[in-house]
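Undergrad: With these hints in hand, go ahead and build the complete structure from the sequences.
There are 2 protein chains.
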Amino acid sequence: MAPINLGVIGTGWITDDYVSHALTTGKFALGAVYSRKTETAQAFASKYPAQKPSLYTSLDALAGDAAINAVYIASPNLYHFAQAKQMLGAGKHVILEKPAAATEKQLDELFALAYSKKVVLVEAFRHVHEANFKILKRSLPKVGKLLGASLTFGQYSSRFQNVLRGETPAVFDLKMAGGALVDLGVYVIAAAVELFGEPETSVYYPIKIATGADGGGTLVLTYKEGFNVVLTASKVFNSYAPSEIYGEKGTLSIPTITDVETVTWMDASRKGSREELGGEREKLNLKEEAAEHARIIEEADWDQVKRWETHSRGVVRITEGVRRANGLLFPGES
Amino acid sequence: MAPINLGVIGTGWITDDYVSHALTTGKFALGAVYSRKTETAQAFASKYPAQKPSLYTSLDALAGDAAINAVYIASPNLYHFAQAKQMLGAGKHVILEKPAAATEKQLDELFALAYSKKVVLVEAFRHVHEANFKILKRSLPKVGKLLGASLTFGQYSSRFQNVLRGETPAVFDLKMAGGALVDLGVYVIAAAVELFGEPETSVYYPIKIATGADGGGTLVLTYKEGFNVVLTASKVFNSYAPSEIYGEKGTLSIPTITDVETVTWMDASRKGSREELGGEREKLNLKEEAAEHARIIEEADWDQVKRWETHSRGVVRITEGVRRANGLLFPGES
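Protein chains in written order, with UniProt numbering: chain A, 1 to 334; chain B, 1 to 334.
By construction, these hints were calculated from the structure, which means they are not laboratory data. Owing to the predicted nature of the structure, the values given are computational and were not obtained by experimental measurement. Where hints are given, some of them may not hold.
Just so you know, same-sequence chains aren't split out, so a pair can sit in one copy or run between any two.
[As the list claims (entries may be wrong)] As a list, the in silico SDA-like pairs of lysine to any residue whose alpha-carbon atoms are at most 20 Å apart:
no., residue 1, residue 2
1, K208, V220
2, K249, R138
3, K224, V203
4, K85, D60
TA: What follows is the structure in structure tokens.
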């Protein structure tokens with residue numbers, strides 16, 4: 001089978017990471033690079049000399065390139081929707097970096113378009129495809145009846161220093177659909193939705209910073225079964241606390257839920273007991289995700305497209321709901 | 001100066017712990033032991049043969065013992081108020097185990113009585129008197145502007161197994177003024193109030209267990225300065241996560257906020273930096289608390305009595321408020 005000929009929009013480190021790992025799967029070729037400036041596209045392409053991608057500074061031209069059958073989009077959040085819409089409309093599969101959309105309405109429109117064009121749309125969440133994340137999910141029954149969970153991702157961004165100097169970098173700019181919730185928060189939200197399903201209620205306690213955006217915050221998800229999940233995400237401080245899942249029978253501990261190194265099981269009835277459940281990790285940490293994207297596209301696995309659509313909907317319902325409740329509004333919202 | 005002649009109400013492990021450490025300060029003598037049964041009082045007294053305490057099975061008799069000038073109360077929560085009232089009324093200093101009271105109104109009454117009788121009333125919180133806790137408090141300016149904190153105390157109680165068998169042990173019985181919030185929760189609440197002051201709002205997300213009480217839960221305190229403090233307390237699962245305090249300049253990490261072993265400072269601007277701030281610990285972990293109680297009583301330090309009264313009020317306002325908001329009602333409440 002011919003490789004999926006991939007175009008990319010956005011030339012940052014995440015695109016580099018995705019492309020390099022996608023190529024190791026043997027399922028992709030890098031067919032096109034879009035950037036607003038030729039030099040930037042050229043600089044990115046030069047990292048993959050064997051691929052000889054076409055270079056574009058026009059989205060229309062990329063959309064019109066019949067040789068490209070899938071597009072990976074990792075542009076600034078604000079452009080995700082319009083760019084995905086254009087590429088899906090042009091009949092290309094779209095692998096869309098998180099956050100796929102700012103609102104569920106946008107997701108509705110994108111998925112309706114994807115299905116009508118018979119192309120795949122998938123939001124690119126790395127961690128939920130990792131082998132150890134899947135082990136964690138399969139291990140949930142060990143804890144017995146769930147009592148709660150605390151999932152944490154606090155990673156200090158050097159851009160916060162710009163904020164402290166009075167600047168407004170895009171990642172902390174609501175006008176650019178920024179803020180910690182949709183940037184790092186979606187990782188812990190995506191993990192929670194994948195592990196526990198959609199919550200009954202979501203309450204966000206943002207830490208508002210000088211730009212007006214949330215630099216971080218705590219999200220409490222309550223579930224109808226009676227347990228609560230507490231999510232902490234931050235770009236303004238580091239957290240070194242592990243994530244934990246609590247049940248009547250014990251505690252599962254995960255040092256980093258966004259990149260699962262180990263999964264440790266501690267049985268409450270056996271004091272001091274520790275059992276390691278995690279296995280050997282894939283060293284190329286985006287390879288598992290890219291391989292799954294390729295498989296879904298090649299096999300036209302609509303069941304999985306719909307399964308991940310449900311997941312993306314679960315995530316965006318939370319982010320959209322708590323953003324509106326906290327006045328964290330993006331352009332066009334009121 | 002003659003030692004403070006201490007009577008004790010309650011003969012459990014915590015009383016044993018307090019008395020043994022109090023005696024090491026050289027400031028206390030064990031003058032009386034009250035228990036409902038003579039054998040229990042006798043068994044407790046036999047651990048301190050050199051002290052030759054009087055044994056009582058009547059609170060009136062203990063209250064009437066003029067040789068006793070202070071009483072340590074560590075009975076079941078439900079009896080704290082009436083017993084403290086009786087002992088204060090009899091002109092004795094009272095060291096009252098946490099939770100001192102179920103409501104602020106009860107505290108009002110107890111403190112009014114203490115002041116009118118010119119005796120000391122103090123709620124017994126161990127951790128806030130520890131040297132390393134004080135170092136932590138003094139170190140707060142290191143983090144710069146506060147962004148948040150997460151304080152955690154999750155300790156599985158073997159009594160939870162009784163609950164799972166359909167029983168209602170006192171510690172999980174609302175009729176006995178039980179539940180995780182007033183049992184372990186007060187430790188993290190007391191730490192938060194001592195470190196950050198009283199919050200603007202408090203929201204509790206309890207994990208309700210079969211007895212109707214809270215087996216644990218998450219408490220979110222919001223502060224008018226814009227930061228939030230997330231407290232996790234549980235008697236139905238163990239948490240191995242450290243407590244953390246976040247600021248614009250970095251993170252303070254404390255393995256166990258209720259028993260501060262170490263205080264580690266991690267500067268956000270210097271990746272990988274770790275500085276240990278904590279010092280040598282007092283091995284007898286209630287000695288610092290007991291020594292402070294003795295000092296306050298001996299010096300009649302009313303400023304400190306009022307300072308800790310303010311602290312106890314801050315704690316009970318939170319517990320009472322969130323209990324009522326969540327229908328976690330004790331006898332006589334509606």
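Undergrad: Provide an ascending list of the numbers of those earlier hints which the structure does not satisfy.
TA: none
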